[in-house]
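Spelled out from the first residue to the last, the chains are:
There are 6 protein chains.
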Amino acid sequence: MILPKFEPNEGVLSGETADIYFTRTVEILRHEGLNPVATMEVFASRAGILCGMEEVKALLARVLPEANHEVWALAEGEAMSAKEVVLRITAPYQSYGLYETAIGGTLAHCSGWATAARECVEAARGIPVISFGARHVHPSVAGIMDYSAIIGGCVGCSSAAGARLTGTEPAGTMPHALIIIMGDTVKATIAFDKHMPPEVSRVSLVDTFKDEAEESLRVAQALGDKLHSVRLDTPGERGRVTIDLVKEVRARLDLAGFKHVKIFVSGGISLERIKQFVEEEAPVDGFGIGSYISGAKPIDFTADLHEIESKPIAKRGRIPGITPNPRLKRIM
Amino acid sequence: MILPKFEPNEGVLSGETADIYFTRTVEILRHEGLNPVATMEVFASRAGILCGMEEVKALLARVLPEANHEVWALAEGEAMSAKEVVLRITAPYQSYGLYETAIGGTLAHCSGWATAARECVEAARGIPVISFGARHVHPSVAGIMDYSAIIGGCVGCSSAAGARLTGTEPAGTMPHALIIIMGDTVKATIAFDKHMPPEVSRVSLVDTFKDEAEESLRVAQALGDKLHSVRLDTPGERGRVTIDLVKEVRARLDLAGFKHVKIFVSGGISLERIKQFVEEEAPVDGFGIGSYISGAKPIDFTADLHEIESKPIAKRGRIPGITPNPRLKRIM
Amino acid sequence: MILPKFEPNEGVLSGETADIYFTRTVEILRHEGLNPVATMEVFASRAGILCGMEEVKALLARVLPEANHEVWALAEGEAMSAKEVVLRITAPYQSYGLYETAIGGTLAHCSGWATAARECVEAARGIPVISFGARHVHPSVAGIMDYSAIIGGCVGCSSAAGARLTGTEPAGTMPHALIIIMGDTVKATIAFDKHMPPEVSRVSLVDTFKDEAEESLRVAQALGDKLHSVRLDTPGERGRVTIDLVKEVRARLDLAGFKHVKIFVSGGISLERIKQFVEEEAPVDGFGIGSYISGAKPIDFTADLHEIESKPIAKRGRIPGITPNPRLKRIM
Amino acid sequence: MILPKFEPNEGVLSGETADIYFTRTVEILRHEGLNPVATMEVFASRAGILCGMEEVKALLARVLPEANHEVWALAEGEAMSAKEVVLRITAPYQSYGLYETAIGGTLAHCSGWATAARECVEAARGIPVISFGARHVHPSVAGIMDYSAIIGGCVGCSSAAGARLTGTEPAGTMPHALIIIMGDTVKATIAFDKHMPPEVSRVSLVDTFKDEAEESLRVAQALGDKLHSVRLDTPGERGRVTIDLVKEVRARLDLAGFKHVKIFVSGGISLERIKQFVEEEAPVDGFGIGSYISGAKPIDFTADLHEIESKPIAKRGRIPGITPNPRLKRIM
Amino acid sequence: MILPKFEPNEGVLSGETADIYFTRTVEILRHEGLNPVATMEVFASRAGILCGMEEVKALLARVLPEANHEVWALAEGEAMSAKEVVLRITAPYQSYGLYETAIGGTLAHCSGWATAARECVEAARGIPVISFGARHVHPSVAGIMDYSAIIGGCVGCSSAAGARLTGTEPAGTMPHALIIIMGDTVKATIAFDKHMPPEVSRVSLVDTFKDEAEESLRVAQALGDKLHSVRLDTPGERGRVTIDLVKEVRARLDLAGFKHVKIFVSGGISLERIKQFVEEEAPVDGFGIGSYISGAKPIDFTADLHEIESKPIAKRGRIPGITPNPRLKRIM
Amino acid sequence: MILPKFEPNEGVLSGETADIYFTRTVEILRHEGLNPVATMEVFASRAGILCGMEEVKALLARVLPEANHEVWALAEGEAMSAKEVVLRITAPYQSYGLYETAIGGTLAHCSGWATAARECVEAARGIPVISFGARHVHPSVAGIMDYSAIIGGCVGCSSAAGARLTGTEPAGTMPHALIIIMGDTVKATIAFDKHMPPEVSRVSLVDTFKDEAEESLRVAQALGDKLHSVRLDTPGERGRVTIDLVKEVRARLDLAGFKHVKIFVSGGISLERIKQFVEEEAPVDGFGIGSYISGAKPIDFTADLHEIESKPIAKRGRIPGITPNPRLKRIM
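Protein chains in written order, with our numbering: chain C, 1 to 332; chain Y, 1 to 332; chain F, 1 to 332; chain S, 1 to 332; chain R, 1 to 332; chain U, 1 to 332.
Hints are supplied without guarantee of correctness; some may be wrong.
Cross-link-like lysine to aspartate or glutamate pairs, in silico, EDC-like; alpha carbons within 16 Å at most [claimed, not checked]:
id, chain 1, residue 1, chain 2, residue 2
1, U, Lys311, S, Asp254
2, R, Lys311, Y, Asp254
3, U, Lys83, S, Glu280
4, Y, Lys275, Y, Glu122
5, F, Lys194, S, Glu32
6, C, Lys210, F, Glu272
7, F, Lys311, R, Asp254
8, S, Lys83, C, Asp244
For the record, the hints were derived by calculation from the structure and aren't laboratory data.
The following block holds chain C by itself, in its conformation from the complex (with noise of 0.2 Å):
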């Protein structure tokens, strides 16, 4: 995947969205004439996947004077371990000193994601796993959010925000909505076959009516060749896809002769329960992960000067000075 260009965020750059007293903090020392140069680490408090950083460093090249900085990092998508420094800022401290909020929020966010992300795409042991979380963050996030599970590992996302962001197809099958509105599963996948473009698949959600067994023959028999998929999306108030049910629909669409339907799961599925999928071979042929990577909880990070003017100092509590860590690359 080719990294997306990001832009700076108008609200960002203004300060709007900062802690208050780092625009104060810039005040003040304006007023006192204080603009030495700093040396900020920033490190996660949890080990994870990190994400962001793209954003990050586009922030940064728009604010950091030309000359007299030095920007060192790892790159988007890297593991890292908890407390590691993954990026250290040398410069004018009034020229970055305000972006501190966004700096930590931007890489906490997005790594949370990536990583809960991360986690599935490990525990599916290459069963493709898709981003289908849009609907439970604020939209003002979907976008990167699935950019952020795509950088974790996720084939693809739900949302075009996300999808444009990484150059991926959106993806997708049909909502229960579009059934319902059509009354019946059938009906319904012979109109998306009809309207939609070649080149999106022909997935079927099965369990809107009837028992999915039964929908993933009668569907399949309506398509034939065409059909890509089966969705499952039972719903908890009926048991949630079990592993049984998905080896069931195989068994039962191979007897009748579909072996080239595939079968893609969804609802309510966890790390734990990906696991448990795996464990028992249930014949999944794509995951559909919803809050277990939007509702992620961020990765919190932590900013800390450790020179003024080169020389070490430090809070009580840090390391004054230069923290060594040879996997930093310098990329400013």
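Once you have looked at the hints, place chains Y, F, S, R and U on chain C.
Using the frame of chain C, we list chains Y, F, S, R and U on its own:
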């Protein structure tokens, strides 16, 4: 608090942030000439404080047809039960179907934040709680996160964006960076006092270089009556702010005649820790809460069609027809 | 319920089912010319519902000498405490010594079943409970197991043998086998209605081929007022019968005008699950319980001699002499 | 061991012990003129030792038509996995449909007992295990329970019925009753020796009146070389048989020159306690196990139709068609 | 009980048992000519029964200057809370600084023992408790340990040293050694009765060679009315003294007409076991407690300076100045 | 280390500290003219480090008759298993019977302390451990407790008494009291340096008034090369000494050029905390352990007679005769 006037986001209106299958569904229905009046109900997966409804209302106001619609909802900030219907829309489906993702995501994220804030506020038993978590979320949602925290009961927040949305003054003291650059807490506190307008409270951060109790006395001696509070933010490496530390600083300030100086506590404050502080009667005058609120898990919302052209219908696992909820008010 | 008249089993009378050492003991005592009047007391290792006493009484009636005996006992179906004496026999030892095995085993097995049944019945808070566990015990005890379940409070049982012992009508619907052979649930239900006498309730099993809600409506439409109930027996592979499924089927039946059709639930129903159904007010009209009752652990009983020729005696660990228990009634 | 010849029980053949709905199903099918060749498969809900198959075979031999049937099964005493098919019957349904209850119940109860016995035998690491549990089950199954225990690996059992079925000598010592009536352990042991035929081992029960170690020496002195073993059966009220008691009795017997006298242990012996005795090398020469085996929970079996007239079919939750299992052997 | 007069130990007075740094501190202060009036406060780390204060008082009486001192304290045997100040000394520091180790250690060890004793006494609900733990502590503290146990509520103790300190008669029966040497419990009991003065209770130990119940009857028959009690001390290898054993021995003694013989229980008696005996109404007439009391963990005490020459001061973590505690009484 | 020469305590020799029943037993035996050669064996209830044997040996040397005795034992400081015989005395019973209490108590208390010390030493993986617990035990055992800790592996102790017994230098730094009286840590450290002989290490306690890191640098600057170590003893109210604090102090000392200054850690250090410090590689140069060692539970020892005049005998629960243990050495 006067609720702000939200403006629907361009990405939302264009469908850019929507799950792609809603875009496709609307397209298919248009081709099929189907646009029935449909009733969609939205409920939360767990109990909490409803938030985001104002933003959803602004969106619906923009997209629903002038006539032929009915919207019922609970109000911003109301408590909701698990599975309680909080929003019911009856309108031609094509007018709003595309926005199911945005509606769910807005309510999910905002209600998650507001609910966590409410937990803290209730645990604090009257001690003011301030949202300090902007640094742990993506800057695109920093403002709305702080807004949600205040809907949940926080008295203030650290981001200018959140403050603007809620009509409050942004809250903040000084960061460690200011003190490190100025080299001494007293010096930094004096500079703060010199350059900040009088309406900004003089709150000094006292754990940067010296023992918190010693530093508290030093800044109190330096600023005298002008000092509003000290903030204790002892890092985890040094055992965090303990209940006994607060009691000791209070005792030492009192003993030295600085009874007017308040004590503000921050740094990894969780619900559990608030309860302990309150339980053991630590003399705290304010809590600053970061990731417990900002990193709260969104509350998943589910949207279902329950009537098509006034006829009860539902997918498997749901009850067809309108779900009675006398708490709903008609809002459009 | 009128208690049945039990007939002592031939194997029991002959000593065939006894522990061999009782056979030998009686033989030794005969050789030694010893046949003292001995008092044996029997108690249970844990609390529960006493069952099997009627069968024990029938045995004693057959073997005790006409004169010179006294038997005190609690009644069939009474609650008993742990270690409470439930039976006391005073008679020449040779007349009953051989039957200690049978007495203990009858009480143990029957009380185990009755106690489990009572737990279910109490948890069901008035919803009828039927014993469906014949398939999980050896056929030699199927009848007595069902008898014990009814002593414990079940309103009916599935085996003819149990029904005969208790003077009830055997309870049952239709098995999956009938539907599979007839190829369709509606067809099977109609055949059932056609060939069964009118006093047999028309209960249709609705989880064989199609979605339970869909099938419920189909059989209701087919049989109309004649349909007494539907039985939900969803297998574990499909998530078992959930509380929400019962609510949904109820709602869909009501919506379609079939308020008279009851809902009967079976399939892996344990005490814990009954409690959940009742707690969450699932509209269940009857529970069919299998192995929770039929597989209940027998309650171990212990028999001890406490007097020989009216003189207190006991083995180590027991108190010599009669154990007072005012709840005992003289029965022989 | 030579497997016994079982005779089908009259109650089973008549359908008296069957679930009533099978009786009704066969009646309906007769009325409808339906008697297809159906394939039924039977599997266990959890892993264990298969037992009861010989009795099932005897039943099928009696009811299946002479031609037109095929029966495949695992053998009596074989280990089976959870959900493994252990029996497959292909025959006209009316010939065997009525017996599903008896087949399942026989396998369930017998396999439950055999599996528990096997656990004990494996834990005992070569120390003989004897089934002493007849007193804890209904006498109608005392013999078949002991038979199952021996199929599971026990070397003997206490009931004459079980011994007859398995061609073993019934095992037993003397009960507390004999000693209490005779008034002294030594006196009882001498009487036992005097009246019992030589092939019955002289095993004296030594915990009735005096300290076990003292009594062991007394009976050893009284019987000398004729004493085969002592049995320790200390009741729970006195701390049960402890590992140290066995070691002490062994040491005291050895010290007094009675190295030939074996030690047999009984009284609330569970799997866990066998493991402890073996782990700590208690010099036990035999274990007598009661309710751990006789009170073992039956292993639920499930029977499903998988083919009708050679066409794959199955209810929801099961895979249509024959389930491959190369371990099955054709037995009829 | 009249409190004994303690004599300060030579090793304490010389500083031999002190932490070396107190010796050095006093030496440094002498060199520096510093001997300010200092106030030291002492508190316990957890709640309990204060003990050792009399011994501390004796030490202070010996070392404090005649004038110019003030000592406030809780009294021997009083309940104290966690962190409550139990002792406050105001005097020239050089006079008492050396003794901080001895003061803390005396209170710690004695309060630990007294607190454990109190727990047993409270659990015993009026049944007398005797301290039997001398054998589990170094003989140098056997007496003071038993003294502390009696301060905590025990009615007696086994060591002569403890009895002398508390003005009680030493309590004891006979050891297993006496019985083993004399070869028989009855013989030993008769010898005991023959040679002991009349004021010593005749208590026979009944678990050495024979069954406890049998032996109890034998000694009761031998001594008749002179027998005061039997002591049950069954070892762990034989299942310890069980509740049922006590009940059985009581019943057998009563049945044989020895209602006057009391039952005394010892052997691994913990707080938990006392509670069980009391809960289940075992007819115990006295408990002998060993290591539960004698091996009780000392309660750590902390001593802090809070004033120097009447000026509040304290190390970090403590509140400067006198800690108010209205429960303290001035004792010197 | 050369083992000290112990002198039997007067209270022990006189029987003052003995359980009274041993005094009585010896008196009875004298009256009866019984003084058989008896063999007593002593074993511990749990595994550990044997300690106290030297003191026991000194006692036996004083009381056993010149001829006619044999004593076998494990050596001071050896590891012992649970229930392993560690001491075997064969001699006329009257010569040593009175001392069973003292022998058991000495071994119990000393082995408890030595065992806890050994646990700490092993967990510290080569980092020196010093016993600092004198303040938590009665002064009568302060010396022997420290002796036992050193037998267990500690390199030093804080009490002069313990140091004398073990031929070590007493270990200690300065208490908070010295610093509080002198008013400043640097001042106190300079006074310490001025008045203490050169062989006493200059170790400064750095948590009294100021931040530990700041204070460490201040004392290092004041004493320069003469400063041996700083001691961190942060109280629980301030979060105790954390692993990160040690790392930070190390880093700040190194950065300022004081690499020679060692770091000594104390304050509530338990086995668990030592393991964490070692696991996370905190740069600790020494641990001071208080109540984990001094408050260790004594290890109960049991003494039993196993032979009388060379004839095997034992109470119930024990094996008569000598218990073989090839590890025992004859010591007398």
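Hints, verified against the model:
1. Lys311(U) x Asp254(S): Satisfied, since the Cα-Cα distance of roughly 15 Å is no more than 16 Å.
2. Lys311(R) x Asp254(Y): Judged against 16 Å, a Cα distance of about 15 Å means the pair holds.
3. Lys83(U) x Glu280(S): Cα-Cα ~14 Å, so holds.
4. Lys275(Y) x Glu122(Y): holds, 9 Å
5. Lys194(F) x Glu32(S): holds, 10 Å
6. Lys210(C) x Glu272(F): violated, 30 Å
7. Lys311(F) x Asp254(R): holds, 15 Å
8. Lys83(S) x Asp244(C): holds, 12 Å
The structure fails hint 6 only (numbered hints given earlier).
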